[in-house]
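*Asks:* Respectively, the protein sequence lines represent chains A and B.
Using the working numbering, read the first sequence as starting at 12 and increasing by one per residue.
Using the working numbering, read the second sequence as starting at 12 and increasing by one per residue.
Just so you know, these hints were derived from the structure itself, not from any lab.
In this text, a Cβ means the ideal position worked out from N, Cα and C, and glycines have one as well.
Misleading hints may appear alongside valid ones.
[To be verified] If you want a taste of the chain B side facing chain A, the calculated C-beta under 8 angstroms gives, among others:
1. Phe67
2. Lys115
3. Tyr117
4. Glu119
5. Lys121
6. Asn176
7. Asp260
8. Arg262
Number of protein chains: 2
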Amino acid sequence: MKIIRLIKEMSNFSCLSRQKGKTIGFIPTMGALHAGHLSLIRCARKENDLVVVSIFVNPSQFGPKEDFKKYPRNLKKDADLCKNEGVDVIFYPLVTGIYPAGFKTYVEVKELSDMLCAKSRPGHFKGVATVVTKLFNIVLPDTAYFGQKDAQQAVIIKRVVMDLNLAVRIKVMPIIREKDGLAMSSRNAYLDKKERKSAAVLYMGLKKAEGLIKKGAVNPQYIIRRMKNIIEKERAVKIDYISIVDAEDLRPLKRIKGKILLALAVRIGKVRLIDNLIING
Amino acid sequence: MKIIRLIKEMSNFSCLSRQKGKTIGFIPTMGALHAGHLSLIRCARKENDLVVVSIFVNPSQFGPKEDFKKYPRNLKKDADLCKNEGVDVIFYPLVTGIYPAGFKTYVEVKELSDMLCAKSRPGHFKGVATVVTKLFNIVLPDTAYFGQKDAQQAVIIKRVVMDLNLAVRIKVMPIIREKDGLAMSSRNAYLDKKERKSAAVLYMGLKKAEGLIKKGAVNPQYIIRRMKNIIEKERAVKIDYISIVDAEDLRPLKRIKGKILLALAVRIGKVRLIDNLIING
């Protein structure tokens with residue numbers, strides 16, 4: 012397994028590999044790899060000749076008061092996990108490589124970047140769309156793998172790929188959960204023991220809503236109210252939002268119909284967590 | 012010579028050509044081709060195995076009160092000119108192909124898109140940066156050719172290519188002028204006989220400034236004043252701006268030094284014209 016730091020070296024590797032007819036599967040990450048990332052890597056490993064994992068804690072997707080500085084970083088551990096999964100290349104660029112002096116260009120997705128998580132994290136999805144576009148142009152993947160955990164991100168990336176005519180297939184893989192249902196996330200590491208226990212309530216809320224919808228509930232406001240009741244029982248958990256939207260274009264829904272995305276964000280102490288469920292209503 | 016309308020067909024052509032090791036030279040245009048465009052095509056013809064010219068009057072770079080509808084369109088004439096120059100493909104996409112329903116993604120270049128021409132044409136360079144990024148991703152050129160006439164556009168495109176890690180070389184070719192010095196432009200066709208005669212004053216103003224700088228003038232405000240005096244002698248010509256900026260990053264200059272860009276825009280009747288000169292001060 013190679014660890015590549017220079018953009019030029021990465022793009023040369025990718026160009027040469029593509030010229031030789033090798034397919035490239037790509038998993039862009041911020042490191043702190045967990046079972047969710049590993050499920051993406053395994054899928055990429057099965058489907059491609061070469062697997063590239065990028066590890067880049069992207070400053071442009073963090074707000075000024077967010078956790079950029081304290082975001083967990085452990086290259087040694089991440090590299091061991093990647094090696095175990097048969098990854099060919101870790102692309103581990105410098106911040107000054109991705110954002111050199113004079114950098115001025117951003118990729119923005121209108122509407123989709125103003126709702127759900129964007130309300131608490133203004134500018135976040137502009138940072139994501141920009142860095143992912145850059146990484147795609149450097150790594151030249153045939154297929155890139157994303158987790159359904161970041162549902163809004165997945166919808167936005169698919170939109171960018173379509174709109175900018177990028178030649179990448181996007182594959183979104185199911186959320187991997189802990190035994191009690193908590194969605195795997197690098198930020199779970201921030202939770203203390205008590206908070207970690209409270210966090211299980213997110214999935215309980217989502218499953219409650221799923222149950223209601225399966226029994227025929229069609230009013231999003233009613234469903235959201237029932238979820239709130241469950242989640243607010245945990246005093247430590249502060250709801251940021253609970254939304255029921257169209258799973259393809261994130262359009263808010265007045266009535267449950269078709270493929271819907273049930274998405275929520277909460278704060279537990281200083282930690283912001285998100286989770287979601289896709290349901291065929 | 013092929014005329015391709017479908018994005019899928021264009022990108023298949025480009026992929027296959029690149030796989031065969033052919034180099035592609037690309038000239039993105041809005042049609043209404045003139046000697047300026049032809050100079051780009053000739054250069055591309057010399058330097059590449061294949062030459063692709065796109066003809067697309069891009070709605071997203073026109074303001075609501077601008078000339079999108081009346082912009083000159085003449086595919087037959089453009090196609091004849093291209094054929095004569097040995098162009099291999101004209102890419103002539105539909106507006107609904109480039110901007111399908113649900114389109115939401117834009118490429119924006121901060122700062123560079125807020126100055127000079129952008130003040131009179133808000134959103135213009137966002138439209139340009141977006142469509143050029145899309146066209147590059149579809150046509151996959153090794154080298155793309157732009158005219159120095161659109162100086163700000165050239166600087167912005169170079170910035171986009173660097174910032175988004177696009178694998179395209181940008182070549183900017185000199186302005187081609189009429190006998191009286193007027194820079195070739197598709198919009199010159201809008202001018203009536205009298206206006207056309209007045210338009211020569213733009214180049215006179217630029218040459219005056221060049222003369223002053225060669226004689227040692229270093230104060231941009233003084234030079235701009237002298238240019239104004241010349242240009243305003245033509246009553247029909249209304250100055251939009253005259254600016255002296257750094258040629259690489261368009262930074263306004265307080266003193267003439269290094270490679271400078273002398274840029275101006277005027278209105279003659281309803282027609283907006285731009286011109287510029289690069290001078291080593």
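*Asks:* Can the hint on Asn176/B be confirmed by a CB-to-CB distance to chain A that is less than 8 angstroms?
*Replies:* Since chain A brings a Cβ to about 4 angstroms from Asn176/B, closer than 8 angstroms, the hint holds.
*Asks:* Using the nearest Cβ pair, does Lys115/B come within less than 8 angstroms of chain A?
*Replies:* The hint holds - Lys115/B has a Cβ within 8 angstroms of chain A, the shortest such distance being about 5 angstroms.
*Asks:* Minimum Cβ distance from Arg262/B to chain A below 8 angstroms?
*Replies:* Since the shortest Cβ distance to chain A is 11 angstroms, the answer is violated.
*Asks:* Given Lys121/B as an interface hint, is the shortest Cβ-Cβ distance to chain A below 8 angstroms?
*Replies:* Holds. Min distance 5 angstroms.
*Asks:* Classify the hint on Asp260/B as holds or violated, based on whether any CB of chain A lies nearer than 8 angstroms to its CB.
*Replies:* For Asp260/B, the interface hint holds, since the closest Cβ of chain A sits about 7 angstroms away, which is under 8 angstroms.
*Asks:* At a threshold of 8 angstroms, is the proposed contact between Tyr117/B and chain A supported by beta-carbon distances?
*Replies:* holds (5 angstroms)
*Asks:* Return the status of the interface hint for Phe67/B: holds when the least beta-carbon distance to chain A is below 8 angstroms, violated otherwise.
*Replies:* violated (13 angstroms)
*Asks:* Would the hint on Glu119/B be counted as holding, given a Cβ-Cβ threshold of 8 angstroms to chain A?
*Replies:* holds (5 angstroms)
Hints 1, 8 from the earlier list are contradicted by this structure; the remaining hints agree with it.
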